[in-house]
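Which chain is which? The protein sequence lines are F and S, in order.
Residue 114 in my numbering is what sits at position 114 of the first sequence, and the numbering runs on without skipping anything.
Residue 336 in my numbering is what sits at position 99 of the second sequence, and the numbering runs on without skipping anything.
Be careful, since some hints might not be right.
Calculated pairs, DSS-like style, for lysine-lysine (alpha carbon to alpha carbon, straight line, at most 25 Å) [unchecked claim]: (1) S:K343 with F:K108; (2) F:K86 with F:K193; (3) S:K248 with F:K193; (4) F:K10 with S:K266; (5) S:K312 with F:K10; (6) F:K69 with F:K40; (7) F:K148 with F:K180; (8) S:K312 with F:K86; (9) S:K343 with F:K10.
Keep in mind that the hints were calculated from the coordinates and are not lab data.
What you are looking at is a predicted structure, and each value in this text was computed from that prediction instead of being measured.
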Amino acid sequence: MECIIIDDEKTSRIIINQLCESLDSLEIKAEFSNAIDAIKYLNKYEVDLVFLDIHMPGFNGFDFLQTLKTSPKIILTTSDTNYALKAFEYDNIVDYLVKPITQDRFTKAVLKAEALSDSIKSDELSVQSKLNSGDDELFVNINGRLVKLRFDEIILVEAKGDYILIKTDNENFTIHSTMKKIEEKLPVNSFLKVHRSFVINTSKIIDIENNSVLIGKNVVPVSRSNRSELMKRLNLL
Amino acid sequence: MQEHPNLLYVKELANGDEVFESKLLSVIKKELFEEIENYTNCFKNEQFVDAAIIVHKLRNKISILGLYKGSEIAKEHENDLRNGNNSLHLVFLDILENLTQFMHNK
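If we strip away everything but chain S, and leave its shape as in the complex, we get (with noise of 0.2 Å):
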């Protein structure tokens, strides 16, 4: 079953302050699709290092966006970008597409 991205970690963080929740969600939306982006290149290129350590930024966001599961298989995936294995790809494009749909809204 598909993991739901959430805010709880984010409105804990707030703990009521709506400009700092704001600042933040921008920010990480930034961050988040700029990544998406550079991995996607990276992957294109076959320079599976350098996904990696972009892997590892999404990560983070991951996280903070509550995809436990999520986060494991990124953590996976990111070791297995530096031993040459892509064979995780198709599954972390799934996370990035579930935590983009998400991100789209707010």
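Bound conformation, chain F alone (with noise of 0.2 Å):
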């Protein structure tokens, strides 16, 4: 796995870098002392994953994250505990480690974070290499088995962790997916994402009442920032 290394402490970057060393798998292409360099060159070049230090001065670990144009697993290195719960709201990130880290600690993250690229990177290619000539259905893998979806059935999708939960007429699948993913997937003029964690077919919307819609049997939040959006859709009377 490429990785970059984001630090403004060059005894962090120091200390991260070796352990690297003992992991063959990983190639550390560059090391940051802020995240606007990083973010510069990520816009040039691609890597698998970044170690990002949460606390920098001005710019921090999740500033760097809302920038982010491309997807890379992150593995955060903190000296803090209490970010832990905010780390769970971004698809991206694998793990979460306290300085100063072990190399025990280490190794079981980026294992981790291997293990989940080569499960998404499988289940892109059965997406893609499935994709029919037609742009109205797309083909998920549910256990090595590849199941059709018609777009027109998908009710809604719904972030669960390191999956997401994807509901049709007929029946609920869980893959092993991001949001980010699925989305690109899906036809943008009938999907919309009305909250962090939940995409929905617009057309299955049966009313909406205050910030939540209820489409199917299900009743999904809509964030303030995404109900414009939402308004604007709808053919209002």
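Could you use the hints to bring the two separately framed chains together as a complex?
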């Protein structure tokens, strides 16, 4: 896996470098003492994994995550435990390492990132290779079985940590993938992200009340930032 | 009872690689002394939020050098400083002095 290290402390960068040395699968492409230089680098080059310090003056680790255009796997490195909960808001964060980082804990995190990366690559391959010539369906890998889903059968997609739950008219499917990946596959004219954890098929909406949508039998929250886009999509009288 | 700094973590990480150990210690020493100076200046100028940012960096070195209670105190001091409370300053200075003496001999 090609990786970069972002940490404002040289001490930490040297330590992470040394921890990487013991793992043949890792290749460090660059190190950065600030997140802005790392963003510039990632706008030019792709990497598989980022070791990211959260606490950096000015532009911190979470600012970096929000600016990212690509979605490499992220391993957070920090002296604080109090950001762990926030880390779960990001689909591409695979682990959270508290400094000083031990070799065992580091290795475990990298193996987790590798496993996830391999699995997503495999999911992507099966989805891409089996995409029909038509634009109205996709295939998803469910336990090694490629299942065809018509877009007009899909009610919603919900993020579930490292997985996504796809609810259709007849069945629900949990697959190992990310919201970002599925969003790229769904037609933008009928699907809309209404909340960071929900993408819905707008043609299936039954009603909308305050900050929620009734879709099928599901009540889905609508975040304030996505509400206006949802309202634009509706044929309002 | 005062904790004593140690190189257990550094040595475990180096795994016998003396070149790496020496390089790491040299960087820790350089950053430690610079950060202590910056912390002292910020504190004198009552720039407590800036001081808290430096305490955060120092906290990592305090842990690396085996002062686990010291690291907890630094964490509390960092949070206090962000809220304008400097009551742990003198205790924190003792920790820094302890580290300074230890690192002077490295």
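- Which of the numbered hints are not met once you compare them with the structure shown? Numbers 1, 3 - these are the hints that the structure violates, sorted from lowest upward.
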